[in-house]
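The listed protein sequences derive, respectively, from chains A and B. Note that my numbering has the first sequence beginning at 125, numbered continuously upward. Note that my numbering has the second sequence beginning at 127, numbered continuously upward.
Rather than coming from a laboratory, the hints here were simulated on the basis of the structure. Keep in mind the model is a prediction, meaning the values are calculated, not measured. A portion of the hints provided could be inaccurate.
To spell it out: a stretch of chain B is covered by chain A in this simulated footprint if at least three of its residues, at any positions, have a beta carbon under 8 Å from a beta carbon of chain A; those stretches are [claimed, not checked]:
no., region
1, 293 to 306
2, 331 to 339
3, 372 to 381
To spell it out: a stretch of chain A is covered by chain B in this simulated footprint if at least three of its residues, at any positions, have a beta carbon under 8 Å from a beta carbon of chain B; those stretches are [unchecked claim]:
no., region
4, 144 to 158
5, 164 to 170
6, 200 to 211
All C-beta atoms, glycine included, are put in the ideal place defined by N, C-alpha and C.
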Amino acid sequence: MSVNYTHSVTDVLILEEQQDLTLDILCRACSTEVEQLLELVDEGVIVPTGDAPEVWRFTGVHLRRARIAVHLQRDLGVNPAGAALALQLMEEREELRARLRALGVSV
Amino acid sequence: MEFKDYYTVMGLARGATADDIKKAYRKLARKYHPDVSKEASADALFKELGEAYEVLKDPEKRAAYDRLGANWKAGQDFQPPPDWNAGFEGHGRGFGDGAGGDHSDFFEALFRRGFAGAGPTAGRGPASGGVHAHGEDRHARIQIDLEDAYFGGQRSLSLQIPQIDAQGRMSVRDHKIEFVIPKGVRAGQHIRLAGQGGEPIGQGQAGDLYLEVTFRPHAHYRVDQRDVYLDLPVAPWEAALGAQIEVPTPAGSVELTIPPGSGAGRKLRVKGRGIPGKTPGDFYFVLQIVLPAADSDAARAVYTAMRSQFTSFNPRSKLGVPA
């Protein structure tokens with residue numbers, strides 16, 4: 125059975141422009157536990173502002189990196205350091221692709 | 127429904143060992159992982175691989191699958207045998223985020239019905255007993271037009287939400303939502319729609335829906351982060367003598383001054399006419415010189431006059447060869 129209706133959403137924002145995401149929000153968005161995110165902080169994949177986990181604040185860019193790192197660990201069996209390295213190389217590759225696109229090369 | 131050949135999906139023979147299966151999965155997962163691969167089909171291939179692995183890595187599911195026999199071909203019309211579920215008790219865990227809706231009909235028919243606890247919500251326990259938790263966040267991709275990033279734009283989405291009723295039956299609910307694309311969004315960014323993710327447990331909050339943005343390729347414009355580029359064709363005399371011309375941008379046409387003595391490839395920047403935002407991007411016109419055809423005596427005479435005029439002009443001076 126399927127029910128059809130249309131819902132209008134008003135609470136819409138651009139994630140990457142957010143500056144005040146808590147550890148809890150990150151955990152939910154990454155579908156993971158605090159421990160895994162603490163490892164990513166240790167690894168320098170995500171660098172929060174604030175002195176203690178309770179007051180840490182992350183940006184939307186951190187959320188995105190954390191999600192990818194969590195996926196790579198879950199799906200490919202790499203450890204946090206491996207995920208950090210993969211992420212760094214993927215970001216470099218993305219920058220190079222962006223430069224090629226700006227030069228009109230289709231990638 | 128179509129039969130899925132999980133062994134072929136993973137490039138394995140039927141007698142593959144558990145170790146072979148794990149290795150094949152790791153190798154293909156690295157290739158097709160949607161965060162790694164840029165192929166448009168990566169998502170679908172990765173899901174198919176995940177489904178194959180979910181079955182073949184689990185001795186019970188694999189045994190059940192193998193019972194179907196080796197004569198089935200991928201894509202062949204398939205119905206599970208009537209006594210299919212007898213003797214098997216599944217305990218599969220969803221593969222990806224909110225994996226309930228990600229499996230093929232084939233998988234659902236074989237492993238969902240009657241496999242207790244396999245669904246995305248059922249696995250977390252009933253919504254009673256005072257347990258309250260956030261719903262899961264969901265993730266999807268959305269392709270928008272560059273113009274949407276300039277002006278915002280109304281968009282509607284249809285989501286297929288799997289749900290499991292009190293009897294453990296699985297159904298898919300069609301959920302349509304409408305929202306306005308936030309002005310200034312760029313490719314690679316994520317739009318968050320609050321409360322549009324998974325259902326909460328108890329009195330928790332619903333999860334959020336995240337949409338990763340890509341731009342539909344445009345016939346004329348290229349985008350680099352906040353900046354937008356357009357190859358602008360100009361006549362040789364416009365480039366050489368300078369000109370005032372009217373040119374298009376997604377935000378409307380602008381008057382552009384081409385300085386005298388411009389060459390091909392020169393970039394002319396119009397500040398702040400890129401993707402809008404707190405720090406708006408810039409718009410770049412990249413000059414391309416287009417030559418009129420020498421298809422009449424008069425036109426040929428002009429080119430001939432140019433040749434006699436510019437005797438010392440060497441277009442290949444940078445290549446170190448004489449004119």
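Okay, the hints, checked on the actual structure:
| no. | hint | in the structure |
| --- | --- | --- |
| 1 | 293 to 306 | holds (count 10) |
| 2 | 331 to 339 | holds (count 3) |
| 3 | 372 to 381 | violated (count 0) |
| 4 | 144 to 158 | holds (count 3) |
| 5 | 164 to 170 | violated (count 0) |
| 6 | 200 to 211 | holds (count 3) |
When the structure is compared with the earlier hints, violations turn up for hints 3 and 5 and for no others.
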